[in-house]
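Please build the complex by placing chain R on the supplied structure of chain V, with the hints as guidance.
Sequence lines, in order, name chains V and R.
The first sequence begins at 1 in my numbering and counts up by one.
The second sequence begins at 1 in my numbering and counts up by one.
Treat each hint with caution, since some may be false.
Distance condition first, Cα-Cα at most 25 Å in a straight line; then the derived SDA-like pairs of lysine to any residue [said to hold, decoys possible]:
(1) R/K523 / R/N445
(2) R/K575 / R/P485
(3) V/K23 / R/L441
(4) V/K23 / R/N445
(5) V/K23 / R/R432
(6) V/K23 / R/E437
(7) V/K23 / R/Q414
(8) R/K575 / R/R525
(9) V/K23 / R/P436
(10) V/K23 / R/S422
(11) V/K23 / R/L449
(12) V/K23 / V/R45
(13) V/K23 / R/A428
(14) V/K23 / R/M440
(15) V/K23 / R/T438
(16) V/K23 / V/E42
(17) V/K23 / R/D435
(18) V/K23 / R/I446
(19) V/K23 / R/A447
(20) V/K23 / R/A430
(21) R/K575 / R/E551
(22) R/K523 / R/A500
(23) V/K23 / R/T426
These are calculated hints, taken from the structure and not from any lab test.
A quick note: this is a predicted structure, and the numbers were derived from the prediction, not measured.
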Amino acid sequence: MPERVLIVDDHVGFRRLAGRLLKEIGREVVGEAGTGEEALSESRRLKPDLVLLDIQLPDLDGFVVASTLSSEPQAPAVLLVSSRDARDYGPRLYGCGALGFMTKGDLSAESLEALLGP
Amino acid sequence: MTKAQRRVIQAGALGIIALACFSEVKFRTLPGAIVPELSREWYLVLADLVPGSSFVLAGLIASSLRPRNRVGLLMIGVGVGLLTRNAVLQQRVGQMSVPAEVVLHFVSPLWAVLFLQLLLAFPGGQLVSRVDRAVVRSFYVVVPLAAILAVVVASYPLLGPMGQPVFDIKSPAGLIYFVCLVIGSGLVIRRWFVGGRARRRSMSPLLWPMVPITIFFVLSVAAVLGVLITPVPLVGLKNFLYSLATVFPLFLVALPVGFLVGLLRSGLDMSSVGDLVVKLSGGLAPERLQPALAEALHDPSLEVAYWLPAQEWFADLEGRRIEPPAGDSERAVSVLGDPSSPVAALVYDSALVHEGQLVDAAAAAVRLALENARLQVQLRAQLEEVRQSRARLVEAADSERQRVERDLHDGAQQQLVTLLLSMQVTKAEAMRHSDPETAMLVDANIATLRDALGELRELARGIHPTILTQAGLVPAIRSLTERCPIPVDVIGELGDVRLAPPLEAALYFVVSEAITNAVKHSKGRRMCVSLGRRSGLAIVEVSDDGVGGAELSLGSGLRGLTDRIAAVGGRLMVKSDHAGGTTIHAEVPCG
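Next comes chain R alone, as it looks inside the complex:
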């Protein structure tokens, strides 16, 4: 909308207020007014004029403050609608020509549809959801037609003598009007509950005036239903409603103020951008960037997704892949930077969707910091990739060890076993044929073959211990300690649930290497393997009472174990001094 068009609308709106005031004053001061029971008291004059006028004035302020936002125009529309309705209420239309009266009756209930549109479009000014758009469009047709039907055909007015809406559900038109009200209220309530904090923050100033208005509507409906159900009129409730109807316009006055306040609260104001810039100048760590933006945009649900060009996907601050949602009625997405090579994407409450300029201003302020953060995220993503690749390598190596062990078992070991049994049969036959010389010769070969088979078995076990796969980590460790020449105590447990195979393998080889080292170098007399599970970690500690002197930097064994434990996300520590022996502590995350 151009500036000139806005000026025309603003001038027109003011003109309508002036016309309404003039008409009202003239009508009230006419001798023999058409509604004599209302009297000509001035507070009633104000009560008729003020709600519509305040909507128009608040709308004018809103449209000049936020010229791109349609909320101002919608408020003006509601105000004009209320003033028109007032004319209908005073039955001045009776003095008009019939076509003019029909047009006025057609237009007058539109304020209610405009009001619903305002509620559903607030604070952005546009209807984002398809459902909202469809409902509002259909109401623009159904509600005026129902009003015409009520007045022209069924002679059921929609407004009471005090200006309060009348939901006479005994009439078809009233029923349509009532159904529209229920659907509209449902949509507004849903919008409140599914909206994020940003939306609620901007809608909250509407709550106070809306509460008595809603109570009034509910009681009106209750009164009508009460009359329908019981023959005795609910006199007390009706009297209460009439008194509430007297002050009803005052609540309508509070509404436009609420809209105006909510609109001003909805977006990012320049002071919050200023605060953001001040924070940035003081140096803002990447992890503080998202909270700072969320604070500046008054949207705690705001998320930043960083674009990783090498991977061609978005990631969070930790470098983990995330998929920003497609913009919908609840969440909006703004991609920052060149679309072919974006820097980041902001995902925020759709209440801010029409504050594009302000979101852009905040984004521009943090652009450099976002670039820096993205580099960090990229680095983290690469590190994560390296970590995963290392874990995959270790896993592949474990699988390969397992395969080699199986091949040895199924191949060479089986053949040697067959050969051994064959020689046992030969020996038995030689014995049966009383040929002890042959039997002795075969027996010597059997002994050699048995040694070879034993060595092959040890080799296979070193490559991958079958017991680890068959029975789990604890039995595998116990089996290791049973073969150890130094006495080893095994204390503690790792629970009933087995660890993942890569974790079991990593911890097993730590114990195996630690026992081998202790036997070779520690000169200790006793060892202890301690097992435990706490705070989501599986912990294995191997200690000896030997001479100490072990260091991570010395020898490739401990270094290799450190890498292996790190590959599964754990850590390995070595404590070794000459007085207290050596303790190797390994812990891995086990969920």
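Next comes chain V alone, as it looks inside the complex:
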């Protein structure tokens, strides 16, 4: 069960609120990143169990970050999030090494708990 979470999104407000929700379900937010490059370096440094990763980042594509992370040793689980829904990404969602995908509108304490476990 993933305990330690890294949140990656270029919106500070989203990171703050997602952090609050994760804490509500008992997860530890070990760090935050605003870009893809930052996400890679922070993940290597902090070694989280889970990366909550926005698809649209200012530099690297979230799919590229997910794919890179999943190919590394002791790869963290990656949960992709976006304000668009799965139909907007089609087959790109599969095969990038992510654990799953969730629209940001569906994020809640309950949905996260259901996905990550109590």
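Only chain R this time, still in chain V's reference frame:
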């Protein structure tokens, strides 16, 4: 050159022939001739006189047929040079005073330089290329000096006892002469290969006499080199060369005839202008104009470039912009009409450059047809411009749609998401503080907000589907069909290489509109989207098994799609009947 000057030259040339004949006959019949081993046989007399005389006579005919063309004069010059050379050969100069002998030796090899100039200037009469001009000018200095050097200083004659040239490369003068020959031959060969068909057509009559002459020269050089390399003289080759030297003058006789025939073939003759006029009177379509002119001028490489005054550039028949080349040694350009507002430009082989009058005659004959063709080209150019402008408009609209979708995503959607998450946090806190009433109230608001977010997402997707940019046309179409209430089969593929974004967008919106229409109006139970790529076209076909009745003229949706597909150079067809449902077929060129 004036007519009187031409007459003087013609009379002078004939006089030289007469003088040469008189001198030859007198010399041959003298008791105790200086070259007794040659005997006084008459065929040798003819062999000495005929090559030069035939060049002079052919030159006279050429200059009267083409008075503005210098080829005739050059031929006369070569002929006179050969006759002078003959005098040197017979060593009659030994009977002259020393200054006269030196002058004659200086002048006699000039026939070879004149001959090279003739070859390089043929059939136009002028040296067009800078290289040709520089080489010929330098030869006019180097070759006579080498001849003087050979005879006066080194006592190496340049001509053998039978009149054949001797390239004695053991002498410095002979070496210079040999190098000049190699350079000259190289230029002539290059001229043949880089020239267009018009030039080759006029030069081809020279080929037959030139082949044995060239073989003779090559073997002569081989014989000299053979002597140099091996101490044993190549007796067989020498004997062969001597026999070839006997008939050598006959090949020289064939040359002026070849020049004359080539000259007559070089330009546009009036009969071809007549043929052109006949063709025009029968009505000549613009696309047949260029081939007809090319045929009349015997230059298949001829091109017509039409001047478009509005655009201020030249265009081809399709209205596409072209840049006529600047005239050079290979291609010539004639601008027809007033230079400030030309009608067209003819680009042709520079072999025709000195046939300006004849080119003008042909151009005058087709002037009206050229004007008509230009109007058509202008219309095509305008249509092409409209097509490009329409394509640019569609592309700009697509970019704008993409920007709006992005703005919605980055702006309103993000704010709503933040608000939604904030409410989720509030709800979680209310639950933690055992306040179910607040939690329920917040939850109701979350549901409303989620609906609003969903609608906004649909709106953004309708404006521009992200999946089209992200994953390409096929996944975008599959995503469309997955949301369709009627089952849709997607068959076929469009290949691994993605289409250009404007093509993908155009085809995507065809499928999207066709599915929307089918859901709304067809009452069908099943649909099929068929994809394929063949003959440079990407093809998408959407069919349903509904009630039919769709028409391009009805409704703005299909009409708009037709315009959109046409803007990227494709076409859209609708087949709809009451029995067989509706099929919308779209194809776009994809290279």
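Restraint status (C-alpha distance of V/K23 to V/E42 at most 25 Å): 19 Å, holds
Satisfaction of hint between R/E437 and V/K23, Cα-Cα up to 25 Å: 23 Å, holds
Pair hint V/K23 and R/A447, alpha-carbon separation not exceeding 25 Å: 23 Å, holds
Straight-line alpha-carbon gap R/K575 to R/E551, limit 25 Å: Measuring from Cα to Cα gives roughly 8 Å; hence the hint holds.
Hint consistency between V/K23 and R/I446 [alpha-carbon to alpha-carbon, up to 25 Å]: 20 Å, holds
Restraint status (C-alpha distance of V/K23 to R/Q414 at most 25 Å): Between V/K23 and R/Q414 the Cα gap is close to 22 Å, so the pair holds against 25 Å.
Hinted pair V/K23 and R/R432, Cα distance within 25 Å: 12 Å, holds
Satisfaction of hint between R/P485 and R/K575, Cα-Cα up to 25 Å: 23 Å, holds
Agreement of V/K23 and R/T426 with the hint, judged by alpha carbon distance not exceeding 25 Å: 13 Å, holds
25 Å Cα cutoff - pair V/K23, R/L449: 23 Å, holds
25 Å limit on alpha-carbon distance, applied to hinted pair R/K523 and R/A500: 34 Å, violated
Distance restraint between V/K23 and R/S422, which requires alpha-carbon spacing of 25 Å or less: 14 Å, holds
Checked against the numbered hints listed earlier, the structure breaks hints 1 and 22; every other hint is satisfied.
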